[in-house]
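Number of protein chains: 2
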Amino acid sequence: MIYAVIMGYGTIGSGVAEILERDKDRIAAGAGQEIQLKYVLDLRDFPDSPVADKIIHDFQTIEEDSQVKLVVETMGGLKPSYSFVKACLNAGKHVVTSNKALVAAHGTELLALAKEKKVNFFFEASVGGGIPIIRTLYRCLLGEEIQEITGILNGTTNYILTKMDKEGSLFDDALKEAQALGYAEQNPEADVEGYDTCRKIAILSAMVTGKEVNYEDIYTEGITRITDMDFRYAQKLNASVKLFGTSRIDGPVVHAWVAPVMIGKDHPLYGVSDVYNGILVKSRMLGISMYYGSGAGKLPTASAVVADLIEAAQNEAYHVPLGWNSERLSVADMGSFSSRYFVRIAGDVSQRADQVEALFGAGEVVVLDGADEFAFITPRMREADFKEKAIALDIPWQKEGKQGILQIIRAEL
Amino acid sequence: MIYAVIMGYGTIGSGVAEILERDKDRIAAGAGQEIQLKYVLDLRDFPDSPVADKIIHDFQTIEEDSQVKLVVETMGGLKPSYSFVKACLNAGKHVVTSNKALVAAHGTELLALAKEKKVNFFFEASVGGGIPIIRTLYRCLLGEEIQEITGILNGTTNYILTKMDKEGSLFDDALKEAQALGYAEQNPEADVEGYDTCRKIAILSAMVTGKEVNYEDIYTEGITRITDMDFRYAQKLNASVKLFGTSRIDGPVVHAWVAPVMIGKDHPLYGVSDVYNGILVKSRMLGISMYYGSGAGKLPTASAVVADLIEAAQNEAYHVPLGWNSERLSVADMGSFSSRYFVRIAGDVSQRADQVEALFGAGEVVVLDGADEFAFITPRMREADFKEKAIALDIPWQKEGKQGILQIIRAEL
Numbered sequence: 000m001i002y003a004v005i006m007g008y009g010t011i012g013s014g015v016a017e018i019l020e021r022d023k024d025r026i027a028a029g030a031g032q033e034i035q036l037k038y039v040l041d042l043r044d045f046p047d048s049p050v051a052d053k054i055i056h057d058f059q060t061i062e063e064d065s066q067v068k069l070v071v072e073t074m075g076g077l078k079p080s081y082s083f084v085k086a087c088l089n090a091g092k093h094v095v096t097s098n099k100a101l102v103a104a105h106g107t108e109l110l111a112l113a114k115e116k117k118v119n120f121f122f123e124a125s126v127g128g129g130i131p132i133i134r135t136l137y138r139c140l141l142g143e144e145i146q147e148i149t150g151i152l153n154g155t156t157n158y159i160l161t162k163m164d165k166e167g168s169l170f171d172d173a174l175k176e177a178q179a180l181g182y183a184e185q186n187p188e189a190d191v192e193g194y195d196t197c198r199k200i201a202i203l204s205a206m207v208t209g210k211e212v213n214y215e216d217i218y219t220e221g222i223t224r225i226t227d228m229d230f231r232y233a234q235k236l237n238a239s240v241k242l243f244g245t246s247r248i249d250g251p252v253v254h255a256w257v258a259p260v261m262i263g264k265d266h267p268l269y270g271v272s273d274v275y276n277g278i279l280v281k282s283r284m285l286g287i288s289m290y291y292g293s294g295a296g297k298l299p300t301a302s303a304v305v306a307d308l309i310e311a312a313q314n315e316a317y318h319v320p321l322g323w324n325s326e327r328l329s330v331a332d333m334g335s336f337s338s339r340y341f342v343r344i345a346g347d348v349s350q351r352a353d354q355v356e357a358l359f360g361a362g363e364v365v366v367l368d369g370a371d372e373f374a375f376i377t378p379r380m381r382e383a384d385f386k387e388k389a390i391a392l393d394i395p396w397q398k399e400g401k402q403g404i405l406q407i408i409r410a411e412l
Numbered sequence: 000m001i002y003a004v005i006m007g008y009g010t011i012g013s014g015v016a017e018i019l020e021r022d023k024d025r026i027a028a029g030a031g032q033e034i035q036l037k038y039v040l041d042l043r044d045f046p047d048s049p050v051a052d053k054i055i056h057d058f059q060t061i062e063e064d065s066q067v068k069l070v071v072e073t074m075g076g077l078k079p080s081y082s083f084v085k086a087c088l089n090a091g092k093h094v095v096t097s098n099k100a101l102v103a104a105h106g107t108e109l110l111a112l113a114k115e116k117k118v119n120f121f122f123e124a125s126v127g128g129g130i131p132i133i134r135t136l137y138r139c140l141l142g143e144e145i146q147e148i149t150g151i152l153n154g155t156t157n158y159i160l161t162k163m164d165k166e167g168s169l170f171d172d173a174l175k176e177a178q179a180l181g182y183a184e185q186n187p188e189a190d191v192e193g194y195d196t197c198r199k200i201a202i203l204s205a206m207v208t209g210k211e212v213n214y215e216d217i218y219t220e221g222i223t224r225i226t227d228m229d230f231r232y233a234q235k236l237n238a239s240v241k242l243f244g245t246s247r248i249d250g251p252v253v254h255a256w257v258a259p260v261m262i263g264k265d266h267p268l269y270g271v272s273d274v275y276n277g278i279l280v281k282s283r284m285l286g287i288s289m290y291y292g293s294g295a296g297k298l299p300t301a302s303a304v305v306a307d308l309i310e311a312a313q314n315e316a317y318h319v320p321l322g323w324n325s326e327r328l329s330v331a332d333m334g335s336f337s338s339r340y341f342v343r344i345a346g347d348v349s350q351r352a353d354q355v356e357a358l359f360g361a362g363e364v365v366v367l368d369g370a371d372e373f374a375f376i377t378p379r380m381r382e383a384d385f386k387e388k389a390i391a392l393d394i395p396w397q398k399e400g401k402q403g404i405l406q407i408i409r410a411e412l
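Going down the list, the protein sequences come from chains A and B.
When we follow numbering that gives the first Met the number 0, the leftmost residue of the first sequence carries the number 0, and every step to the right adds one.
When we follow numbering that gives the first Met the number 0, the leftmost residue of the second sequence carries the number 0, and every step to the right adds one.
Simulated from the structure, these hints should not be mistaken for laboratory data.
Just to be clear, a hint being listed does not mean it is correct.
Claimed, not checked - With the Cβ distance kept under 8 Å, some of the chain B side facing chain A (calculated, not the full set): (1) PRO49; (2) ALA51; (3) ILE54; (4) PHE58; (5) ARG134; (6) MET284; (7) ALA301.
As the list claims (entries may be wrong) - Label-pair distances were calculated between CB atoms; the ranges are: (8) A:SER337 x B:ALA345: 49 to 59 Å; (9) B:GLN32 x A:LYS175: 38 to 48 Å; (10) A:LYS165 x B:GLU176: 42 to 52 Å; (11) A:GLY334 x B:THR60: 33 to 43 Å; (12) A:GLU326 x B:PRO251: 51 to 61 Å; (13) A:ALA111 x B:HIS318: 22 to 32 Å; (14) A:GLY334 x B:ASP24: 48 to 58 Å; (15) B:SER65 x A:GLY76: 48 to 58 Å; (16) A:GLU326 x B:LYS235: 43 to 53 Å; (17) A:ILE407 x B:GLY263: 29 to 39 Å; (18) B:GLU33 x A:GLU387: 45 to 55 Å; (19) B:ILE407 x A:GLU363: 39 to 49 Å; (20) A:GLU363 x B:ALA345: 37 to 47 Å.
Stated by the list, open to error - List time: in silico SDA-like cross-link candidates among lysine to any residue, alpha-carbon distance up to 25 Å: (21) A:LYS175 x A:GLN234; (22) B:LYS264 x A:ARG231; (23) B:LYS165 x B:ASN324; (24) B:LYS175 x B:ASP227; (25) A:LYS264 x A:GLY250; (26) B:LYS114 x A:GLU315; (27) A:LYS117 x B:ASP227; (28) A:LYS281 x B:LEU236; (29) A:LYS117 x B:LEU236; (30) A:LYS116 x B:ALA316; (31) B:LYS165 x A:ASN237; (32) B:LYS264 x B:LYS281; (33) A:LYS165 x B:LEU236; (34) B:LYS281 x A:GLY181; (35) B:LYS23 x A:GLY209; (36) A:LYS116 x A:GLU33; (37) A:LYS264 x A:LEU358; (38) A:LYS235 x B:GLY167; (39) A:LYS114 x B:LEU367; (40) A:LYS117 x A:LYS281.
Predicted, not measured: the structure shown is a model, and the values here were computed from it.
Just so it is clear, CB atoms sit at the ideal spot from N, CA and C, and this is done for glycine as well.
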């Protein structure tokens, strides 16, 4: 038998407690020993909950209890979770967390500390909810040279974009619906501005490169500028728009960014709809593989936490090597990234197509019936070159007092 | 350093040798020690290959070499692979295999022997090519109660069905093309009759139930009866036809079967095209998750073998528990399985729709322009009930000397 505690009895923490109780036999069989919940740390009391008699308010009780070997951190945020987790590792306890902010901000230090103390610091639930992507990277694709990892990593934005795509909803309406359903926070900034995806792709980039990634180095663009007009064009192109977090590794050059991308029906992530997440991995031998599932939610996320607990219990006396070291990854400038671009332009295609073609060459032009604008898709080009040409295209029109470029979305078509 | 041998220098075996040499540093980092290829066992010589100086013809050399700790079996078939693998395990060597026939036929005995000898018997490459599905089941979804596992597990048949779907090809033409491209054998029976999928779903069913599964207990239907007409209906229904291997676990009742299934665009496996494989897992906490990638091919499959080798080297002194025991799973009769059914009927819908509705209730009826037949999709019902009603529908027509039911395909729409 091994004793565990849960710090933070919110949605995920209560899910973990529920599973530990309900599935204790199956978990014991997997872990090789029974996992017994001893305390639940929270500021609040939960007198009507099944863990009422286990609630404590004082972290020191956990830190000083040498019986406690497994600690689940599901508080979220950095304070006080960072200092609590650090103290637990220092006290020789294994820590399992669902907290992407903590892993993105302090993962390097906490991984090193876990290694030093010969315990484990696991964080499967911090990326992709219940999808076992972290474990796939360090257990299954160990011999692989990973060339790309691209994910739809945020369920809220994927729900909004799916609504806009399938039902023609406006961004604001889709967001309100997501809020009403509890998929989006009242302050949705972290989701819709891409900050959540940014932290997750930072963690995945660190996993695949073995180096520390500063999430502030990752170019991040959210979905607030995506409109119903964009989806009308996408439909004509047999395409959709998804928020991607991506990391492309080309030898020493690593691009990592978060942005909406227009993708065609043949893209393996095209079918990832609603609140689901999907993660595509491109590796040298296996080629493209893809992992799909519930990216959020009480039980899916708790399921990933429990998988971590089982692996920690299996390795009670061992440190399982995973993660990254303190060498900082140098993320390449977006200017050197190559992509195609979907560009919407005000005005009449018959008057402006020549200017476009003169600058970008013969790309694909798309016209919507009755719209006083048109779109084109550039060939694949370096982002710096694209921007230069886009400015050269935009300025003459602005000089004439006319609108120029209305929208730019990276495209994989 | 740990010594490895490869038995069988065919497509996969030579891929493993190639990767072990090319990626030796990465593999050593993952395994915690260098993996050194000592011998390659084959009946043939390969004087121009990079392993020319390692080729041996006598199995005893391997069996008696106590330096050799890791054995890769990529010979295929049961003779002599079964006796060789057994001898290796008996000699205290870890064995990694890509041989689904071996695992399906003798897995129970070989797993027990590995456990007894405190070595490992790994077989990631036997199912889903490079997709890490076996490891996902025993490493990532350990605490989960698995309710269903459904896969597109055979690349050849998926290629043929994709051709028929997207290009309107006839079965025979698509098969010939698959043969010309090397995707299908000259004798394609094992693929197109579903036997290959049957062995793979037997292995997956044993993994998720923990019990031995006799693949002969699994109802198996191939794709040779699927025609271009079926795909014309599928197109009208926004659907496609895929060959599924599936295992559904409802408490003590387990249905396992192989058959073509008509699925809609919203099905997570709909986008799995060409030679790709996809595996859907439904589990109690995580819900639906899906794993997608190259189901065959030299390097993807070799990648899975190498992942197994790394895990074996990491656990040189430990037996990693996985697999199933000798208790035989009782596979439930297909009669008690519930599904919807796509049924094509000869004749004019205006004359026959009443008979259909009287028996099956108001289902969906589909009519193709200019065809002297129509189709309907039944509500969900037990297969035994469906068959009874289908016979009741068919017999009166046959009595009149007319054609009755032209096609039956299980449907998830």
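These are the hints, each one checked on the structure:
The closest approach between the C-beta of PRO49 of chain B and any C-beta of chain A is roughly 17 Å, which is over the 8 Å cut-off, so the hint fails. For the restraint placing ALA51 of chain B at the interface with chain A, the shortest Cβ-Cβ distance is roughly 23 Å, beyond the 8 Å limit, so the hint is violated. At about 23 Å, the closest approach between the beta carbon of ILE54 of chain B and any beta carbon in chain A exceeds 8 Å, and the interface hint on this residue is violated. This hint is violated: PHE58 of chain B has a C-beta 26 Å from the nearest C-beta of chain A, more than the 8 Å allowed.
Interface hint status for ARG134 of chain B: upheld, as the beta-carbon distance to the closest one in chain A is roughly 5 Å, under 8 Å. The restraint placing MET284 of chain B at the interface with chain A holds, with a minimum CB-CB distance near 4 Å, inside the 8 Å limit. Hint status for ALA301 of chain B: holds, given a least beta-carbon distance of 7 Å to chain A, under 8 Å. Remark: the range hint 49 to 59 Å for SER337 of chain A to ALA345 of chain B is upheld by a beta-carbon distance near 56 Å.
The hint said 38 to 48 Å for the Cβ distance between GLN32 of chain B and LYS175 of chain A, and at roughly 57 Å that hint is violated. LYS165 of chain A and GLU176 of chain B have their C-beta atoms about 35 Å apart, which leaves the hinted 42 to 52 Å range violated. Between GLY334 of chain A and THR60 of chain B the C-beta distance comes to about 58 Å, which lies outside the given range of 33 to 43 Å. Between GLU326 of chain A and PRO251 of chain B the beta carbon distance is about 53 Å. The supplied range of 51 to 61 Å therefore holds.
Under the hint 22 to 32 Å, the C-beta atoms of ALA111 of chain A and HIS318 of chain B, about 31 Å apart, fit the expected range. Taken as a hint, the range 48 to 58 Å is violated for the pair GLY334 of chain A and ASP24 of chain B, whose Cβ atoms sit roughly 32 Å apart. Between SER65 of chain B and GLY76 of chain A, the C-beta spacing of about 55 Å keeps the proposed range 48 to 58 Å intact. Taking the beta carbon of each, GLU326 of chain A and LYS235 of chain B are about 57 Å apart, not inside 43 to 53 Å as hinted.
Between ILE407 of chain A and GLY263 of chain B the CB atoms are about 34 Å apart, so this pair conforms to the stated range of 29 to 39 Å. A hinted range of 45 to 55 Å holds for the C-beta pair GLU33 of chain B and GLU387 of chain A, which are about 49 Å apart. For the pair ILE407 of chain B and GLU363 of chain A, the beta carbons lie near 44 Å from each other, so the given range of 39 to 49 Å is met. A C-beta distance of roughly 46 Å is found between GLU363 of chain A and ALA345 of chain B, which places it inside the suggested range of 37 to 47 Å.
Restraint check for LYS175 of chain A and GLN234 of chain A: the C-alpha separation of about 23 Å stays at or below 25 Å, so the hint holds. Restraint check: the Cα-Cα separation between LYS264 of chain B and ARG231 of chain A comes to about 20 Å, which is no more than 25 Å; the hinted pair holds. As the CA atoms of LYS165 of chain B and ASN324 of chain B are separated by approximately 43 Å, the hinted pair breaks the 25 Å bound. Distance check on the hinted pair: LYS175 of chain B and ASP227 of chain B sit about 15 Å apart at the alpha-carbon level, within 25 Å; holds.
About 29 Å separates the Cα atoms of LYS264 of chain A and GLY250 of chain A, which puts this hinted pair outside 25 Å; it is violated. Taking the CA atoms of LYS114 of chain B and GLU315 of chain A, the gap is about 21 Å. The hint holds against a cut of 25 Å. Taking the CA atoms of LYS117 of chain A and ASP227 of chain B, the gap is near 61 Å; set against the 25 Å cutoff, the hint is violated. For the given pair, LYS281 of chain A sits about 33 Å from LEU236 of chain B by alpha-carbon distance, which is inconsistent with the 25 Å threshold.
Pair hint LYS117 of chain A plus LEU236 of chain B does not hold up; C-alpha atoms about 57 Å apart against a cutoff of 25 Å. Between LYS116 of chain A and ALA316 of chain B, the direct Cα distance comes to roughly 23 Å. Compliance with the 25 Å bound is thereby established for this hinted pair. The hinted pair formed by LYS165 of chain B and ASN237 of chain A meets the criterion: a straight-line CA distance of about 15 Å does not exceed 25 Å. A threshold of 25 Å between alpha carbons decides the hint, and for LYS264 of chain B with LYS281 of chain B the separation of about 18 Å falls inside it, so the pair holds.
Proposed proximity of LYS165 of chain A and LEU236 of chain B is supported: the alpha carbons are some 18 Å apart, at most 25 Å. Restraint check for LYS281 of chain B and GLY181 of chain A: the C-alpha separation of about 24 Å stays at or below 25 Å, so the hint holds. As the CA atoms of LYS23 of chain B and GLY209 of chain A are separated by approximately 17 Å, the hinted pair is consistent with the 25 Å bound. Of the pairs offered as hints, the one joining LYS116 of chain A and GLU33 of chain A holds, with about 23 Å between alpha carbons and a cut-off of 25 Å not exceeded.
About 28 Å separates the Cα atoms of LYS264 of chain A and LEU358 of chain A, which puts this hinted pair outside 25 Å; it is violated. The straight-line distance between the Cα atoms of LYS235 of chain A and GLY167 of chain B is roughly 23 Å, inside the 25 Å bound, and the hint therefore holds. Restraint check for LYS114 of chain A and LEU367 of chain B: not satisfied, since their Cα atoms lie roughly 66 Å apart, outside the 25 Å limit. At most 25 Å may separate the alpha-carbon atoms for a hinted pair to count; LYS117 of chain A and LYS281 of chain A exceed this at roughly 32 Å.
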